[in-house]
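Listed here are the chains, written in short residue letters.
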Amino acid sequence: SQQGEEDPQALSIQEGENATMNCSYKTSINNLQWYRQNSGRGLVHLILIRSNEREKHSGRLRVTLDTSKKSSSLLITASRAADTASYFCATDGSYSGAGSYQLTFGKGTKLSVIP
Amino acid sequence: DAGITQSPRYKITETGRQVTLMCHQTWSHSYMFWYRQDLGHGLRLIYYSAAADITDKGEVPDGYVVSRSKTENFPLTLESATRSQTSVYFCASSEWATYNEQFFGPGTRLTVL
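Residue numbers (the numbering used here), protein chains in the order written: chain A, 26 to 140; chain B, 30 to 142.
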């Protein structure tokens with residue numbers, strides 16, 4: 026089963042608007058990562074936030090982490106058409122007792138930015 | 030070329046045939062991973078490797094075999110392909126497992142007829 030679950034599954038916004046995607050997870054984690062996937066391409070790492078951090082910024086990206094609620098959010102400010110992609114959260118920690126060598130990905134949020 | 034590459038990029042095969050997907054990275058990362066991506070399931074880990082000659086199962090290992098004789102290569106073999114193995118396969122590498130980012134290859138789209 027998935028450790029992380031993104032919400033919403035799909036999001037459509039106008040260029041220049043902000044986009045917010047959420048991720049919920051089930052077990053304790055050491056870190057949470059966000060990745061982007063353009064259609065037909067591999068995943069690209071965006072940002073990593075550790076369990077002792079609450080907020081992190083990278084350019085137009087802002088990630089928050091609330092370990093008490095087991096949730097994270099990814100905010101993309103001033104969106105551009107080039108931000109159109111699927112966004113995945115990934116958590117470490119064990120979903121099956123196998124240890125922390127595995128990242129578990131959610132099913133992703135498909136973001137469409139309309140020019 | 031620097032980075033992580035996969036070959037072939039596209040493959041069509043028949044049920045029962047053996048297929049090997051190749052993955053090569055130039056960073057000398059210790060950890061390498063194989064995922065499959067299917068609609069409705071997201072990415073699921075098939076196998077991973079912590080170093081040469083060290084491999085372990087992920088979430089969905091049945092029907093797959095891996096080996097890692099050299100740090101830079103991590104081939105994935107489907108011993109007897111089934112239609113349910115039709116998927117997009119991604120290889121990834123990282124320096125320290127889940128403690129930092131994983132770098133993904135471009136993917137192999139496999140169709141089993």
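The hints are simulated quantities; they were obtained by calculation from the structure and are not laboratory data. Be careful, since some hints might not be right.
[Unchecked claim] Stretch-level coverage of chain B by chain A, calculated; a stretch enters the list once three of its residues show a Cβ under 8 Å from a Cβ in chain A:
hint, region
1, 51 to 59
2, 94 to 102
[Claimed, not checked] Below, in silico cross-link-like pairs of lysine to aspartate or glutamate (EDC-like), each with a Cα-Cα straight-line distance of 16 Å or less:
hint, chain 1, residue 1, chain 2, residue 2
3, B, Lys40, B, Glu108
4, A, Lys51, A, Glu80
5, A, Lys132, B, Asp82
6, A, Lys132, B, Glu108
7, B, Lys99, B, Asp82
8, A, Lys135, B, Asp82
9, A, Lys132, A, Glu30
10, A, Lys135, A, Glu30
11, A, Lys132, A, Glu42
Every residue, glycine too, gets a C-beta built ideally from N, C-alpha and C.
Cross-check of the supplied hints:
For a cut-off of 8 Å, the count of residues in the region 51 to 59 of chain B with a CB near a CB of chain A stands at 0, and the three-residue condition is violated. Look at the region 94 to 102 of chain B against chain A: 0 of its residues bring a Cβ nearer than 8 Å to a Cβ of that chain, fewer than three, so the hint is violated. With a CA separation close to 15 Å, the supplied pair Lys40 (chain B) and Glu108 (chain B) stays within the 16 Å bound. The hinted pair formed by Lys51 (chain A) and Glu80 (chain A) fails the criterion: a straight-line CA distance of about 20 Å is larger than 16 Å.
For the given pair, Lys132 (chain A) sits about 31 Å from Asp82 (chain B) by alpha-carbon distance, which is inconsistent with the 16 Å threshold. Between Lys132 (chain A) and Glu108 (chain B), the direct Cα distance comes to roughly 28 Å. Violation of the 16 Å bound is thereby established for this hinted pair. Straight-line distance between C-alpha atoms of Lys99 (chain B) and Asp82 (chain B) comes to about 8 Å, which keeps the hinted pair within the 16 Å bound. For a cut-off of 16 Å, the pair hint linking Lys135 (chain A) to Asp82 (chain B) is broken: about 38 Å separates their Cα positions.
Under the criterion of a C-alpha separation no larger than 16 Å, the hint pairing Lys132 (chain A) with Glu30 (chain A) is consistent with the structure, at around 6 Å. Under the criterion of a C-alpha separation no larger than 16 Å, the hint pairing Lys135 (chain A) with Glu30 (chain A) is consistent with the structure, at around 13 Å. Using a Cα cut-off of 16 Å, the hinted pair Lys132 (chain A) and Glu42 (chain A) is violated, with the two alpha carbons roughly 24 Å apart.
When the structure is compared with the earlier hints, violations turn up for hints 1, 2, 4, 5, 6, 8 and 11 and for no others.
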